[in-house]
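Novice: Chains as they are written, first to last, in numbering that gives the first Met the number 0: chain R, 0 to 333; chain Z, 0 to 332; chain F, 0 to 303.
These aren't lab readings, by the way, just hints derived from the structure by calculation.
From the three backbone atoms N, C-alpha and C, an ideal C-beta is built for every residue, glycine too.
Honestly, I wouldn't trust all of these hints.
With a straight-line cut-off of 35 Å between C-alpha atoms, the simulated DSBU-like cross-links for lysine-lysine are [what the hints assert, rightly or not]:
| id | chain 1 | residue 1 | chain 2 | residue 2 |
| --- | --- | --- | --- | --- |
| 1 | F | K32 | R | K307 |
| 2 | R | K100 | R | K72 |
| 3 | R | K100 | Z | K277 |
| 4 | R | K141 | Z | K277 |
| 5 | R | K211 | R | K183 |
| 6 | R | K69 | R | K100 |
| 7 | F | K33 | R | K69 |
| 8 | R | K183 | R | K100 |
| 9 | Z | K149 | F | K32 |
| 10 | R | K288 | F | K32 |
Label-pair restraints from in silico Cβ distances [claimed, not checked]:
| id | chain 1 | residue 1 | chain 2 | residue 2 | range |
| --- | --- | --- | --- | --- | --- |
| 11 | R | D137 | Z | M268 | 38 to 44 Å |
| 12 | R | T147 | Z | M268 | 25 to 31 Å |
| 13 | Z | A276 | F | Y203 | 47 to 53 Å |
| 14 | R | Y160 | F | K33 | 37 to 43 Å |
| 15 | Z | F320 | R | R276 | 31 to 37 Å |
| 16 | F | G234 | Z | S123 | 56 to 62 Å |
| 17 | Z | A276 | R | R136 | 27 to 33 Å |
| 18 | Z | T11 | F | V111 | 35 to 41 Å |
| 19 | R | G272 | Z | Q75 | 42 to 48 Å |
| 20 | F | V111 | Z | S123 | 35 to 41 Å |
| 21 | Z | A126 | F | V160 | 42 to 48 Å |
| 22 | Z | P77 | F | D136 | 33 to 39 Å |
| 23 | Z | A63 | F | L139 | 32 to 38 Å |
Chain Z residues, not near chain F, derived (Cβ > 12 Å throughout) [unchecked claim]:
| id | residue |
| --- | --- |
| 24 | R26 |
| 25 | D34 |
| 26 | R67 |
| 27 | P101 |
| 28 | R166 |
| 29 | K202 |
| 30 | M268 |
| 31 | D271 |
| 32 | A276 |
| 33 | A287 |
| 34 | T304 |
| 35 | R324 |
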Amino acid sequence: MSAELMHGKSAEPAVRVRGLNVVYATSQGDLPAVRDVDLDIEAEKITGIIGESGSGKSTLVMALLNSVGKPGKIVSGSVMVPGVGDMLSIDRERQRRARGKELGLVFQAAQNSLNPLRRIGHQVLDLGRSHEVRDLRDLLRKASDLLTRLGMDADRVLTSYQHELSGGMRQRVGIMFALILDAKIVILDEATTALDMLSQASVLEIVRELHKERGLTTILVTHDMGVVADMADRVVVMYGGEIVEEGPSGSVLSHPAHPYTQGLIRAIPRISGAIDRAVPLPGAPADLKTYLEPGCPFYQRCAAAMPKCQANRPTSLTVSADRKVACFKVTDHD
Amino acid sequence: MIEVEHLQKVYTTKGNLLTRSQVHAVRDVSFRIPDGGAISFIGESGCGKTTVGRILAGLETPSAGVVRLDGADIHQTPTRERRDLRRKIQLIHQDPYQALNPAHSIEQALSAPLQIMAKQKSGSPRAWIRERMDEVLTMVGLEPASVLYKHPHMLSGGQRQRIVIARALTVEPTVLVADEAVSMIDVSLRLGVLHLLRDLREKLRISLLFITHDVAAARYLGQGGQISVIYKGLIMEQGLTEVVIAHPRHPYTQALLSAVPVLKGLETMGADRFILAKEMNAQSDAQAGCLFADRCPFAQARCFTEAPALIGEDHQYACHFPEVRQVAAVAAE
Amino acid sequence: MSMRLPKTVLHNRSANPNFRQSFWGFAWRTIVKKPGRLIGFAIIVLFALMGIFGPYLYPAQLPINPNAIYAPISWQYPLGTDFEGTSNLALVVTGARYVLFAAAMGAVFTVVFGTILGLCAGYFIGLTDSVIMRITDFILTIPSFPLLVVLSTVWNFGQPVAMGFVLGITGWGGLARAVRSQTMSLRERGFIEAARGLGLSPLYILFREILPNVGSYIAMNLLLAVTGSIYAEVGLFFLGVVPFQVNNWGVMLNLAVFSAGAMSSPQALPYLLSPMLAILILTLGIVLFLDALDEMFNPRLREV
Chain R
0 MSAELMHGKS AEPAVRVRGL NVVYATSQGD LPAVRDVDLD IEAEKITGII
50 GESGSGKSTL VMALLNSVGK PGKIVSGSVM VPGVGDMLSI DRERQRRARG
100 KELGLVFQAA QNSLNPLRRI GHQVLDLGRS HEVRDLRDLL RKASDLLTRL
150 GMDADRVLTS YQHELSGGMR QRVGIMFALI LDAKIVILDE ATTALDMLSQ
200 ASVLEIVREL HKERGLTTIL VTHDMGVVAD MADRVVVMYG GEIVEEGPSG
250 SVLSHPAHPY TQGLIRAIPR ISGAIDRAVP LPGAPADLKT YLEPGCPFYQ
300 RCAAAMPKCQ ANRPTSLTVS ADRKVACFKV TDHD
Chain Z
0 MIEVEHLQKV YTTKGNLLTR SQVHAVRDVS FRIPDGGAIS FIGESGCGKT
50 TVGRILAGLE TPSAGVVRLD GADIHQTPTR ERRDLRRKIQ LIHQDPYQAL
100 NPAHSIEQAL SAPLQIMAKQ KSGSPRAWIR ERMDEVLTMV GLEPASVLYK
150 HPHMLSGGQR QRIVIARALT VEPTVLVADE AVSMIDVSLR LGVLHLLRDL
200 REKLRISLLF ITHDVAAARY LGQGGQISVI YKGLIMEQGL TEVVIAHPRH
250 PYTQALLSAV PVLKGLETMG ADRFILAKEM NAQSDAQAGC LFADRCPFAQ
300 ARCFTEAPAL IGEDHQYACH FPEVRQVAAV AAE
Chain F
0 MSMRLPKTVL HNRSANPNFR QSFWGFAWRT IVKKPGRLIG FAIIVLFALM
50 GIFGPYLYPA QLPINPNAIY APISWQYPLG TDFEGTSNLA LVVTGARYVL
100 FAAAMGAVFT VVFGTILGLC AGYFIGLTDS VIMRITDFIL TIPSFPLLVV
150 LSTVWNFGQP VAMGFVLGIT GWGGLARAVR SQTMSLRERG FIEAARGLGL
200 SPLYILFREI LPNVGSYIAM NLLLAVTGSI YAEVGLFFLG VVPFQVNNWG
250 VMLNLAVFSA GAMSSPQALP YLLSPMLAIL ILTLGIVLFL DALDEMFNPR
300 LREV
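Same shape as in the complex, but just chain R (with noise of 0.2 Å):
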């Protein structure tokens, strides 16, 4: 409990998740997708969520916005935002109001989240139709600034449909509609991924350069541990579901406690070191019967399991001011 004082001192979280618990409804049962999840997302911070598929990030992000799709179903817990309140238990209305206002979300750019069959001006104004925008002609003047602030022709690419659009291009589109109507938490979603390596860095510091600009909050979820290493200032890493190990990157890359990051972290091919450091981490990512097990979820591929781990789950805890981590090697040593 001394963990909550210590977040206590700093300022109020701009997300704080408890006890989310998120399944999915299949022919052999409902299935824990997201489990037992206790997170604040600091203010003004860049946050990186990681994670393999399968291993609940992108649920948990829905579950954050209480748009987790059929079959997943919300099961309990809370996501409290300040100014908006429980995104669980508040009305439809607020909430969707909430999504786009307080809270914007960048996709995927493969995911074609863009109405192929009309022109990105036209969809800034039917976004600003359904959030009771006022003046729609200011709203198209602040959609024009943010396009060039994102290096691109705010003329040509409002009169585009998505298709004449890059890929590069269609995320900045993404990272417009998130900002315009000035939310004040981005959560961007594998948001880089189907990008090649240049255009995923120009996205990167236009992201970097608007978080400080507008003191936004921002989160990243991707499988990348490259791109939360350099972006994020705290690292969440999910394995199974469940938070498995949160805290400052610097400090959690130079020295991860869980096996699971130790691993994940070693098997990054980098460009500066010696190149044998890059060892595979072995085993398959968690699937469908992890999440039956009773035990820690990375039992099958740890290194270091012992027989406690098979049948019983560890817990997150608190193990050095600001890092916490679920692993029995480490949080019974004190």
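Since the structure of chain R is provided, determine the placement of chains Z and F on it from the hints.
Specialist: Just chains Z and F now, with coordinates in the frame of chain R:
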């Protein structure tokens, strides 16, 4: 040994008769890979690197230039021999979800090419096929009994890519073309597949052409090999992997190296790191000077009027003003 | 010990099942999953049995009863009787063979022509494609029913195979087009490129790599072609352009309307409605069963 000389590929885009235009996917690419050697092609999407791989694998014909495998031109040999020759060069697709037939079990996927190979072998074909199936699967790090009867949708991305590699190995290739072979695989499994490809290079002396936009992956896989940095179908810089990454001379190579994320806590940012803000403009092809000049932060007047030639001995680069910049991250400690 | 041995053998087999064994088991599980599919399947099986064994259930010459001409529905005559006092049920059951056999043949011909030509056109793009597609367009532009009417005047349709062949010839165009477009999108997929790179023969690629992936589509078309063929041939008999040689549903409809005047005299109505009811139930069965086919032929849904 595979040799490629002055490869060119021009596509004519469809349109009406008047607006038909030509796209130069590959302008002039030459390289050679010794047995067991490796060359990595790095560049952003749309730079022509994939086309080079597809030409090598025989899926496209070059507009000009020669591809020679152990002295034989793979695009000029008679049809009958060509099939055998092309089998020696296998393409590993970027997307392991597309590269396996969803209707076939792994056993079916592997036995089809093995049946062809069995005709060239003596002894009982059935026993040989069994044995060989087990052999290639073990080689790629999978347990034959647990995957043979499975269908692709039951496997993870990493396992699928291993099956794709195993299938390529059934025909005893001498060259593997890996086109972004790990970009669609879960991060924790990526290095495992790269490691496997590196192993095959060493153990089977297979030559490797690795096509990627990820410089770090190229460094890992292409150890001791070459790197070719390609932009708009033209080689910008070419040399030993270690040398090019440590001392890049071309601004485009430097931009690619700068784009690699810096691992905070483990690395410090390169002193001269810069991020290219401008995107590639496919229309500005016809310019007289350097193809990269319109995006290059260091371009000078000469760059827009005169195309630089590829100069240098072992470490070649096509730039009027080559300058070593410290852009790559440096390991902390 | 001897008791334990078969168990282990069984266990091994279930751990490494043969594709064929698992396919039938899988198909059955797919059908039982929803009651609608099971009903559809039962109807299809019932009609198939009727086509095969129906004529053996009754004497070659169906009994006539002059006292029960146009008899109403009763226990003795569940579907009433015709103008000679013959049971309508017996007529429907014995008449099923010609109709169903011809329809099945028609569907098989449609699917075989359509699939092979569609696959070839889609895979060997270029000249082959152009030639096949021009022929397909030609076939598609011919109004098939009038053509059938014309053909039936010169051709003897006593044999259901001949009828099926003609139905197939006129009906494959649409399927060929659809198979072609699916093949064209499949040939760009990685696994087809890989198969070419491995030096597998075009025949293998066409029939072993591509065909299984359009399997569900073809199977659905096969069933739909059956209903299409039934409508076409029953229509031909109804119009009376084909000489009657054997009793079948189309002949019943024709006689009911043109000889018995079922449109005006209500007593002949059961004679008209009984073949229509048969067609209706069969169509319903096929439509209900179609739902199962997609799942059955989709390898991604198969769990081992």
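Novice: Over 12 Å from every CB of chain F: does Z:R67 meet that, or does the non-interface label fail?
Specialist: For Z:R67, whose nearest Cβ neighbour in chain F is about 18 Å away, the distance exceeds 12 Å, so it holds.
Novice: Mind checking the hinted window 42 to 48 Å against the Cβ distance between R:G272 and Z:Q75?
Specialist: holds (46 Å)
Novice: CA of R:K211 to CA of R:K183, is that 35 Å or under?
Specialist: Within the cut-off at roughly 12 Å; holds.
Novice: With the threshold set at 35 Å, check whether the alpha-carbon distance from F:K33 to R:K69 stays at or below it.
Specialist: Status holds; Cα separation ~22 Å.
Novice: Please test the hint of 31 to 37 Å on the beta carbon pair from Z:F320 and R:R276.
Specialist: holds (35 Å)
Novice: Report holds if the minimum CB distance from Z:A287 to chain F is greater than 12 Å, and violated otherwise.
Specialist: holds (37 Å)
Novice: Minimum C-beta separation from Z:P101 to chain F exceeding 12 Å: can you confirm that?
Specialist: About 5 Å separates Z:P101 from the closest Cβ of chain F, which leaves it inside 12 Å; violated.
Novice: Would the hint linking R:K183 and R:K100 be met if the CA-CA limit is 35 Å?
Specialist: holds (8 Å)
Novice: Can you tell me whether the CB distance of R:Y160 to F:K33 sits inside 37 to 43 Å?
Specialist: holds (41 Å)
Novice: Per the hint of 33 to 39 Å, is the separation of the Cβ atoms of Z:P77 and F:D136 within bounds?
Specialist: At roughly 37 Å between Cβ atoms, F:D136 and Z:P77 fall inside 33 to 39 Å, so the hint holds.
Novice: Honestly, do Z:A63 and F:L139 meet the 32 to 38 Å range at C-beta?
Specialist: Since Z:A63 and F:L139 have Cβ atoms about 43 Å apart, the given range 32 to 38 Å is violated.
Novice: Given the hint that R:K288 pairs with F:K32, test it: the Cα-Cα distance must not exceed 35 Å.
Specialist: holds (24 Å)
Consistency note: the structure conflicts with the earlier hints numbered 1, 23, 27, 28.
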